[in-house]
Amino acid sequence: MEFLGNYLLAFIEKGGLFAPILFISFHLLRPLFFLPVIFICISGGILFGAIAGTLYSLIGITLSSVIFYFFVYRMPKSMQRFQKIKGKVIGKQTALTTSQIALLRLIPFIHFHLLSLCLLEISSSWKDYTKSSLLSNIPLAFIYTFIGQWISNLTPLYVGLCLLILLPCIYMLRRKEIYIKWQEFFHIQTREST
1 MEFLGNYLLA FIEKGGLFAP ILFISFHLLR PLFFLPVIFI CISGGILFGA
51 IAGTLYSLIG ITLSSVIFYF FVYRMPKSMQ RFQKIKGKVI GKQTALTTSQ
101 IALLRLIPFI HFHLLSLCLL EISSSWKDYT KSSLLSNIPL AFIYTFIGQW
151 ISNLTPLYVG LCLLILLPCI YMLRRKEIYI KWQEFFHIQT REST
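Start counting the sequence shown at 1; every next residue gets the next number (the working numbering).
If you're looking for bench data, these hints aren't it; they were derived computationally from the structure.
Among the clues, some could well be false.
[Claimed, not checked] Straight-line distance between alpha carbons at most 25 Å, and here's what the computed DSS-like set of lysine-lysine pairs gives: (1) K127 x K86; (2) K86 x K131; (3) K181 x K86; (4) K88 x K181; (5) K92 x K131; (6) K181 x K92; (7) K84 x K181; (8) K77 x K127; (9) K88 x K77; (10) K77 x K181; (11) K77 x K92.
[As the list claims (entries may be wrong)] DEER-style ranges, computed between Cβ atoms: (12) W182 x Q83: 14 to 24 Å; (13) A10 x S124: 36 to 46 Å; (14) I85 x P139: 40 to 50 Å; (15) L157 x G16: 39 to 49 Å; (16) P31 x I143: 14 to 24 Å; (17) A95 x L17: 39 to 49 Å; (18) Q83 x I46: 32 to 42 Å; (19) E184 x I21: 44 to 54 Å; (20) G49 x T94: 17 to 27 Å; (21) Q183 x I143: 35 to 45 Å; (22) Y73 x L161: 16 to 26 Å.
Quick caveat, the model's predicted, so the values are computed rather than measured.
Even for Gly, the Cβ is constructed at its ideal location relative to N, Cα and C.
Given only the sequences and the hints, what does the whole structure look like? Please build it.
And the structure:
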């Protein structure tokens, strides 16, 4: 898979004037190749420089999120599968804020579209989702494009320290209330009493 990613990036590098369009379309095709968003953002910094790479990555990531929005509503089984995964990983009743999702997108091993589902759940409309998605994608595109080479060479110790710094930030930026549906609350209590 890494060979395929390197081949596609070499093809984009030789693309000339069409290189930005190829790079943005590579963001859109990324889920089909099972490549992490971080890999593409780092590559954007290497290929186009910090500012242009950030702009192209931000456009590509946001378009990918918008496509996910339409995809998930047209395929309800995929939505159910993502909700089941969200329930296992984050929790059924957990509602993250946009700033928490922006911080979670910086962590390499958290699924990008799982966080898009969290944004979908807190958004009231397509416009609100697109705005929240754009705002939560800015730190990801900015950090991994600007410091891409540095992050790719980090030792596991530094990665662990960065995660230890991010976790308290996520906790402090959490939503302070929890919503429990009436049926779920009483269903849980009846199960515990038996």
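The hints, checked one at a time:
1. K127 x K86: holds, 23 Å
2. K86 x K131: holds, 22 Å
3. K181 x K86: holds, 17 Å
4. K88 x K181: holds, 18 Å
5. K92 x K131: holds, 24 Å
6. K181 x K92: Holds, because 11 Å separates the two Cα atoms, which is no more than 25 Å.
7. K84 x K181: holds, 17 Å
8. K77 x K127: holds, 24 Å
9. K88 x K77: holds, 17 Å
10. K77 x K181: holds, 23 Å
11. K77 x K92: Distance ~17 Å between K77 and K92 Cα, so the pair holds.
12. W182 x Q83: 14 to 24 Å: holds, 19 Å
13. A10 x S124: 36 to 46 Å: holds, 43 Å
14. I85 x P139: 40 to 50 Å: violated, 23 Å
15. L157 x G16: 39 to 49 Å: holds, 41 Å
16. P31 x I143: 14 to 24 Å: holds, 21 Å
17. A95 x L17: 39 to 49 Å: Between A95 and L17, where Cβ atoms are some 44 Å apart, the hint holds.
18. Q83 x I46: 32 to 42 Å: For I46 against Q83, whose Cβ atoms are near 36 Å apart, the range 32 to 42 Å holds.
19. E184 x I21: 44 to 54 Å: Holds, at about 47 Å.
20. G49 x T94: 17 to 27 Å: violated, 38 Å
21. Q183 x I143: 35 to 45 Å: Once the Cβ atoms are compared, 42 Å apart, the range 35 to 45 Å for I143 and Q183 holds.
22. Y73 x L161: 16 to 26 Å: Distance hint for Y73, L161 is violated at roughly 40 Å.
Figure legend: structure checked against the earlier numbered hints; hints not met, in rising order: 14, 20 and 22.
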